[in-house]
Amino acid sequence: MAALAALVAAALGLLTLPALAAPVPAGPGTYVPQRIYGGPSQPALAAWGIAYNRVSNELLVGDYLSSQIRRMSLDGRILGDLQNPGNRISGVASALGVDPRDGAIYLAVTGEGRTSADVRKYDKTGRYLYGLDMPTSTTWLTVDSAGYLWVPSAYKGARLTRYRVDDATQRATAVLTLAKAGTGPGQFGSLTGLGTDAANNVYVADVGNKVVHAYSASGSWRFDMGKGLFKGDIRGVAVDPASGQIHVANSAAGTIEVFSPTGSRIRSYASLGTGNGQFVDGARQLTFSAAGQMYAADYGGQRVQRFTAAGAFVAAYPSPALPMDRAGIAQARALDVDPVTGDVVVADAWGQRVLRYAPDGTLLDSHGRRGSTTPDGMNYPKGVAIDPSTRNVWIANFEGAPDLVGFDKGFDTVVRRIVTPRFINDLEWSNGLLYALERRPGALHVYNPATGAEVRRWVSTKGLIRGVGVDAGSGNVWITSDTKPEVYVVAPSGAIVRTVTLGGLGWDVAIRGDYAYVADTTGNKISIFHRTTYAAAGTIGAAGSRFGQLKMPSGIAFDRAGDLFTVETGNGRVQQFSTRQGPGAESTRPGVALTGPGLGAGQVTATGTAHDASGVATVSVRVKDVATGRYWNGALGTWTSTGTWNAAILWGPNAASTWRYTVTSTLPQRSYKVEAQATDRRGNPSTIASQTVTVP
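Mapped onto mature numbering (1 follows the signal peptide of the UniProt record, and there is no 0), the consecutive letters of the sequence shown carry residue numbers -21 to -1, 1 to 675.
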């Protein structure tokens, strides 16, 4: 970062920061919790993987966000979930395959949180059997009519392997491996989706070479199809059992391309968009029913779409849709505070949007959807920063396009788009410059927002990095490590002048006055250090989900008054802390009223009010399926035997709040008992209010 100080000085000559509303405190002070914003929520079906089980005559649909597998009827009714140890799949649920002989189910598991079980096997009823430790990370798979498991090397490597799975030993043994790296006919670049036909020929999408390869079950190359047709992302492949025609998800274009059994292109159907027969950012996995209906996972649209084999749209499921709560947060990663209004702006990575809350917790705006183009497309946004001079809101999309986008304060206009490297994980404003941290392989990019030009770059010598905070006075930059409990203080020259040790892995950094505040995401606290002596100066929070406790804090920011706001990825919320004195000790119970549960599009939505003179801290909701005795667990996105309490979303005055909780995935023709309980800021619980509602 040589010459960074000069660049900062030059920027100061062009931009004048607004004066602080109050003097910066001399010390960190004692922070107490003030309010919670938002709450965890996710759609009922962020469909990614999909497979038809001819033995049970059901659809299996992978919910990419909750990592659950939904069992659905062919007309789109949710029937239940696969049974998982601990009620959770460790990792991200990806492609599905079914053994047509006995209905056994295979699930590819990838992403963060994955164990050694790259593939999980279930019986036809959805009972978990065992996990398979595969030689490579597994994103895509399929099962042929002889029961062999086909696995490509996905986005890394150039291999396609056919495995025999032995239930007795619970092992998968390779019986055929095709290693065909290259760019010529039949050669592999980066492999994704695949499917097989009645003769066990395999068809595998090659997004690297932008073709689909056809191989026999014995490994002989037959032909390539789609050369010159595919321009980018290729996903699912499925074969019509009646005609043998091959359907391919041309996800970059939003179409489904159809080829003859010999590889000639016949037609295409569908397009990009949000309407019927359109895909938001393209289809993922595809599957055919025994009746010849084609079902496609529309991940961005949070639904499954059904077509005839000829490509005519039939229906979209669930019908009606079962969306997440509009004010809820699927995966909070970053936030900033509007310097004028005090609004809290949150990047919801899995919700593919940015939320704006008023200071009283009211949701003011929700902008964005899954997509790669402006103005509303978002691609896992993990960074947000508000320009203090213009109030423009800048969003960093972690997975690439539309990259780094600046919006006006109302999200009405795109003021600039900057093409950046992938994996921008954090943003920070300082002295008129925008700092963008590239998580992997690890770099810090400094941009001039007026021109979009990169004015400086620092390449990490410490490997993967996570979050950034800028000391405007010294020009030093505080950067957290992605793999070590360390914070690196980098001088304008680019030299690391200090390594500060954390209790756990850090995330974001915010510097105010003489102190640097670091989100210790695995230690579940905010650690405070003196910005020049680097001495530890205290902590905020402790592990947990109660008021004032933290679970995986990531983004942090201050408002002009000095209140600290932190996103909690683990709790799906934002929490505000202040040095203002909290309420005194008292034992008066708060009051809670349950004004509904009501029904909205088949979802159970509990609503009500809560009041307490010292302030309402939380409202919790418990929902029981009367017929089965099982309880909704919103964090897991499924029904469990444990009587789980779920956090409701609150807004309005602290002393008299309004609240709401939405059960996103209900089963039809069931009665549900809904209970609500409030807790005040002193930890006193209310009595429990309850009602029962029936879903038709």
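Treat the hints with care, since some could be wrong.
[Stated by the list, open to error] Below 35 angstroms or equal to it, Euclidean Cα-Cα: the simulated DSBU-like pairs (lysine-lysine) are: (1) K463 - K441; (2) K159 - K210; (3) K206 - K159.
[Said to hold, decoys possible] Simulated DEER-style distance windows between Cβ atoms: (4) G65 - G608: 17 to 23 angstroms; (5) H509 - T440: 22 to 28 angstroms; (6) G523 - G254: 55 to 61 angstroms; (7) T253 - T440: 29 to 35 angstroms; (8) Y107 - K530: 25 to 31 angstroms; (9) R93 - A522: 34 to 40 angstroms; (10) G662 - V476: 40 to 46 angstroms; (11) G452 - T369: 43 to 49 angstroms.
Worth flagging that the hints you see were computed from the coordinates, not collected in a lab. In this text the structure is predicted, and so the values were computed from the model without any measurement. For each residue, glycine too, the CB sits at the ideal point set by N, CA and C.
Consistency of the hints with the structure:
1. With a C-alpha separation of about 9 angstroms, the suggested pair K463 and K441 falls inside the 35 angstroms cut-off, and the hint holds.
2. At most 35 angstroms may separate the alpha-carbon atoms for a hinted pair to count; K159 and K210 meet this at roughly 21 angstroms.
3. The suggested pairing of K206 with K159 holds, with an alpha-carbon distance near 17 angstroms, which does not exceed 35 angstroms.
4. The hinted range of 17 to 23 angstroms is satisfied by G65 and G608, whose Cβ atoms lie roughly 19 angstroms apart.
5. Checked against the given bound of 22 to 28 angstroms, the beta carbons of H509 and T440, roughly 25 angstroms apart, stay inside it.
6. Take G523 and G254: their Cβ atoms lie about 44 angstroms apart, and the range 55 to 61 angstroms is violated.
7. Between T253 and T440 the CB atoms are about 45 angstroms apart, so this pair departs from the stated range of 29 to 35 angstroms.
8. As the Cβ distance of Y107 to K530 is approximately 26 angstroms, the hint placing it in 25 to 31 angstroms holds.
9. In this structure the hint that R93 and A522 lie 34 to 40 angstroms apart at CB is violated, the actual value being about 23 angstroms.
10. Against the hinted window of 40 to 46 angstroms, the Cβ-Cβ separation of G662 and V476 comes to about 43 angstroms, which satisfies the hint.
11. Roughly 22 angstroms separates the CB atoms of G452 and T369, a value that falls outside the hinted 43 to 49 angstroms.
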